[in-house]
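Novice: Order-wise, the sequence lines are chains A and B.
Residue numbers for the first sequence follow the working numbering, beginning at 275 and rising by one.
Residue numbers for the second sequence follow the working numbering, beginning at 565 and rising by one.
Any given hint could be a false lead.
Unchecked claim - Below 20 Å or equal to it, Euclidean Cα-Cα: the simulated SDA-like pairs (lysine to any residue) are:
1. A:LYS284 <-> B:PRO664
2. A:LYS338 <-> B:GLY661
3. A:LYS314 <-> B:GLY708
4. A:LYS293 <-> B:GLY672
5. A:LYS349 <-> B:LEU622
6. A:LYS338 <-> B:GLN630
7. A:LYS349 <-> A:LEU320
8. A:LYS338 <-> B:LYS638
9. A:LYS314 <-> B:LEU673
10. A:LYS338 <-> B:GLY672
11. A:LYS284 <-> A:GLY313
12. A:LYS314 <-> B:ALA671
13. A:LYS293 <-> B:GLN630
14. A:LYS284 <-> B:PHE675
15. A:LYS284 <-> B:GLY739
16. B:LYS638 <-> A:ARG337
17. A:LYS338 <-> B:PRO632
18. A:LYS338 <-> A:VAL281
19. A:LYS276 <-> A:ILE316
20. A:LYS349 <-> B:ASP779
21. A:LYS293 <-> B:GLY708
22. A:LYS338 <-> B:ALA639
23. A:LYS293 <-> B:ALA639
24. A:LYS284 <-> B:GLN630
25. A:LYS284 <-> B:LEU719
26. A:LYS314 <-> B:ASP620
27. A:LYS293 <-> B:PHE675
28. A:LYS284 <-> B:ALA741
29. A:LYS293 <-> B:LYS638
Unchecked claim - If we take Cβ atoms under 8 Å as the criterion, some of the chain A residues that face chain B in the derived model are:
30. VAL287
31. LEU288
32. ALA294
33. ILE295
34. LEU339
35. VAL344
Simulated from the structure, these hints should not be mistaken for laboratory data.
The structure presented is a predicted model; accordingly, all values stated were derived computationally and were not measured.
Here a beta-carbon is modelled for each residue, glycine too, at the ideal position from N, C-alpha and C.
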Amino acid sequence: MKAIVTVMLKNGVLDPQGKAIGHALHNLGFPQVGEVRMGKIIELELAETDAAKAQTAAEDMARKLLANTVIESFKVEIAA
Amino acid sequence: MKAAILLFPGINRERDMVLAVRQSFGAEPTVVWHKETELPAGTDLVILPGGFSFGDYLRCGAMAAQSPIMRAVKAHAERGGYVLGVCNGFQILTETGLLPGALLRNAGLRFLSMDTMLRVERNDTVFTNKWEKGAVFRAPMAHGDGNYTADEVTLDRLEGENLVAFRYADGNRNGSARDIAGIFAPNLRVLGLMPHPENLVDPLMGGTDGKPLFDALAAA
Chain A
275 MKAIVTVMLK NGVLDPQGKA IGHALHNLGF PQVGEVRMGK IIELELAETD
325 AAKAQTAAED MARKLLANTV IESFKVEIAA
Chain B
565 MKAAILLFPG INRERDMVLA VRQSFGAEPT VVWHKETELP AGTDLVILPG
615 GFSFGDYLRC GAMAAQSPIM RAVKAHAERG GYVLGVCNGF QILTETGLLP
665 GALLRNAGLR FLSMDTMLRV ERNDTVFTNK WEKGAVFRAP MAHGDGNYTA
715 DEVTLDRLEG ENLVAFRYAD GNRNGSARDI AGIFAPNLRV LGLMPHPENL
765 VDPLMGGTDG KPLFDALAAA
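Whole structure, please, built from the sequences with the hints as guidance.
Specialist: Structure below.
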């Protein structure tokens with residue numbers, strides 16, 4: 275079973291990389307781009323058949339290591 | 565004062581730290597590999613030097629915070645032992661939870677390798693008592709992720725409890741909240757800062773601005 279953990283900077287936390295990407299997109303001729311936020315996706319292969327257990331385990335992993343909850347929020351999705 | 569300097573893979577400032585400690589303490593520090601589970605017996609001060617532990621994978625300091633030795637460092641801090649973290653060492657201390665907040669990518673996105681000036685916010689601590697309060701000294705900095713951040717409540721608490729150790733005094737180049745360059749834990753026995761006092765401890769290095777930190781620790 276696969277867990278997909280998405281980690282993003284919390285709203286209100288400055289995201290200089292997102293800003294730089296936004297500037298670059300404007301320079302490339304995409305004036306419609308507004309705010310850009312950058313995060314990361316971590317895919318975990320889990321030896322687990324129960325989706326609820328996989329969800330709980332991945333959330334525990336996110337809190338303990340994958341995200342720094344001082345500055346980041348996370349979301350876990352379970353894929354079959 | 566017996567010092568232990570922690571070595572994680574990717575750390576590159578441990579020899580600078582050994583030099584600074586040797587010079588001020590008149591005694592050799594022990595360099596401790598991160599896989600150790602115990603600090604050397606009688607360790608008073610644990611130093612986490614700068615560098616790029618574990619290649620800064622995931623987040624700066626995130627991997628090192630999980631190393632076996634950090635359990636012993638937490639116990640040492642809980643016993644009231646002294647801990648100093650510089651640069652990546654500061655990042656490791658925030659990732660471990662020994663200091664509040666986090667260090668984000670520099671606001672201007674550039675890696676900053678230059679001297680900065682630091683203001684001493686209080687001099688009644690074991691780390692800073694060789695400086696005058698309000699003294700400004702030069703310290704080299706070399707970091708890509710030195711943008712100190714914490715929520716407003718935490719920042720207000722740091723200010724209210726007088727736990728800001730150093731502030732940038734000549735411009736805030738990395739975007740740190742409230743110009744914060746270094747902070748203390750509430751018991752004033754844990755200090756983390758981004759710039760490198762250990763790189764200015766001998767006239768041959770171009771100055772001795774950072775030496776008071778090590779002289780103060782040596783006298784503790």
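Novice: Against which earlier hints does the structure fall short, listed by number upward?
Specialist: Violated hints: 10, 13, 14, 20, 23, 24, 29, 33; rest satisfied.
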